[in-house]
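S.K.: So the chains spell out like this:
Protein chains: 2
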Amino acid sequence: MLRVPFADLYAVLEKTMSRLGLAPEAAQLSARLFAETTRDGVYSHGLNRFPRFEAMVANGSIDVNARPTCAATFGSVERWNGNRGVGNVNAYLAMQHTIELARKNGIGAVALANTNHWMRGGAFGWQAVEEGMFAMCWSNTLANLPAWGASVPTVGNNPLVIAVPRAQGHHVVIDMAMSQFSYGALASYAKRGQPLPVPGGFDAEGHLTTDAAAIEASQRALPIGYWKGSGLSLVLDMIAAMLSGGLATHQLPLEPTLEAGQSQIFLAIDPANLASAAELNHIADGIVEHLHHAKPANPNEPVRYPGEQTLHLRKENLRLGVPVDPEIWGRISAS
Amino acid sequence: MLRVPFADLYAVLEKTMSRLGLAPEAAQLSARLFAETTRDGVYSHGLNRFPRFEAMVANGSIDVNARPTCAATFGSVERWNGNRGVGNVNAYLAMQHTIELARKNGIGAVALANTNHWMRGGAFGWQAVEEGMFAMCWSNTLANLPAWGASVPTVGNNPLVIAVPRAQGHHVVIDMAMSQFSYGALASYAKRGQPLPVPGGFDAEGHLTTDAAAIEASQRALPIGYWKGSGLSLVLDMIAAMLSGGLATHQLPLEPTLEAGQSQIFLAIDPANLASAAELNHIADGIVEHLHHAKPANPNEPVRYPGEQTLHLRKENLRLGVPVDPEIWGRISAS
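If you read the sequences in order, they're chains H and G.
Under the numbering used here, the first residue of the first sequence is numbered 45, with each subsequent residue one higher.
Under the numbering used here, the first residue of the second sequence is numbered 45, with each subsequent residue one higher.
These aren't lab readings, by the way, just hints derived from the structure by calculation.
Be aware that a few hints might be false.
Since the list gives no way to pick out one identical chain from another, each pair is judged satisfied if it fits inside one copy or across any two copies.
[To be verified] Dumping the calculated SDA-like pairs for lysine to any residue here, alpha-carbon to alpha-carbon at most 25 Å: (1) 359 - 93; (2) 148 - 92; (3) 339 - 260; (4) 339 - 261; (5) 59 - 332; (6) 359 - 212; (7) 148 - 50.
Isolated chain H (complex conformation) (with noise of 0.2 Å):
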């Protein structure tokens, strides 16, 4: 595994921004989130995925040079137009308008439709509670998921992240699409041969599988909960597209570089005039606490938060360098 230190890997994303043709401020957003995504071992959505955004780039699905523009303002509420900008500077400028909204009146929302996808929804999540905010935020997908009943795709995996506010940055914050298990993820079992350790869709009898190769070839991944999970994708879907003005998941194009225009939902609670910082705190150490102590299934696997791990991750990446794709670091870095 070859590992960089982290100032390096965001030197050369911002390198490459610019030479993409991001505005100075816009390419060192991007670059940042892009590096802290894989600095936070979110390997999937950070450097390894940076190929697909160059390729966005270039196909013309992703505009480097527009921002986020207001659409429609309703007291705390604001609807917003992300003109195919780089999603993830979008989603970042519409949860730092969220997080101004909250301060101001205690709550806020912003609906963003036309946007591209935000790369690590979980990134929207620290950067509220980093603010001292309670925060929801998610997006819609293309469709890649069969709704409950259903044989071919119809929903989205539509990531949720649900962030909680702790002290000394001890932040709970949870990040889960509505699949229980990625494409990436069947990808990389099966490519080990090796059984999924939950069911993670059908094979092509309709019977439930661990075997990631029968679900890749029926297309019928498991949305979390069987039912459940099939119903919060579509209650989301249709919240972020009514409210932002975008499009559905059902109007998304399947091809996945051409997955661009998504509709995404962002929210925040600023607590600082309801409760003191003591009693805040108190409340999510006890919770937290009692989760720590619950008896493991496993003796030597205690029970985490989410989010718990990702602190662990971080503070070893620093230490030890981000682990990044050797061919995609060689061919980026060289440029």
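Given the coordinates of chain H, assemble chain G onto it according to the supplied hints.
M.R.: Relative to chain H, chain G alone:
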């Protein structure tokens, strides 16, 4: 099966509520919510749940005279104290106020502490969509679900409701607990000796199983999506307890008839000033039509959206009479 006219069910419940000590307005509201729950086919949380409600009034867990009070307010977010009042009345009033906040500021939220079981959470989603609002609400519960990696109940099944308004009453409302199956559902599969349709928990040896009785014995029911639902349950509990200043799951009594003091979140967004009704309906109809046209896995079972079944059952139960448990009905209608 015994069926009774909806008006009779309501009238008997209203009389019984008055006898339990509820003031007229609260008795009417609570009775209506109980009756509508059975009317809509959510039998577990309507009349069938009423004996437990009576027991909790009798044992002092529910204070029939208490009304919720505002504890803190900032902009469009408020913190309320439910004062251990009647759960469905508290939740209805909290959502009503949330809707008023959203009407004024585009979005609003109420965090309600110290309340009681809201019975059917979906009721408050329907309440909001009937006012043209998008809504989300959830409640924490006693610990009835092992967190992922834990061998003992740690988190609640914390029901989550998300509601999307549509024209002509065809709202989309999802009302889902974080457990794959409720203990009520497990009990009825076990009683019939039927396997669950999908794995619902672990047996005593820690293997995934569709054997409901084995799961009842191990107390290791499954969160939806395994680790995902476990994390989701945790963050819902954290937000509810922290924002409301109320109890968290680990602090709620484990004995069901003493389960009092829940924390809940209500959230609404008013789209009326951001988009025309025509635009909103056009987007929603497009999504629902696409879902309805998806190729079903079983040709005899068309794909449905969450809440679609509710309208069918409601119509049927209004036409044929509302199904009631003869023993419970006999007792309360005679008293």
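S.K.: Could you run down the list of hints and mark each one as holding or not?
M.R.: Hint check:
When the C-alpha separation of residue 359 and residue 93 is checked against a cutoff of 25 Å, the pair qualifies only within one copy, where the shortest distance is 22 Å, while the shortest distance between copies is 50 Å. Taking the shortest alpha-carbon separations for residue 148 and residue 92, neither the intra-copy value of 38 Å nor the inter-copy value of 45 Å comes in at or below 25 Å. Taking the closest pair of Cα atoms, residue 339 and residue 260 come within 25 Å of each other only across two copies (18 Å); inside a single copy the shortest separation is 36 Å, beyond that limit. Taking the shortest Cα distances, residue 339 and residue 261 sit within 25 Å of each other only across copies (17 Å), while inside one copy they are farther apart (39 Å).
In this homomeric assembly, residue 59 and residue 332 never come within 25 Å of each other (Cα to Cα): the closest approach is 41 Å inside a single copy and 44 Å across copies. Taking the shortest Cα distances, residue 359 and residue 212 sit within 25 Å of each other inside one copy (14 Å), while across copies they are farther apart (54 Å). In the homo-oligomer, the alpha carbons of residue 148 and residue 50 never lie at most 25 Å apart, since the shortest distance is 35 Å inside one protomer and 46 Å across protomers.
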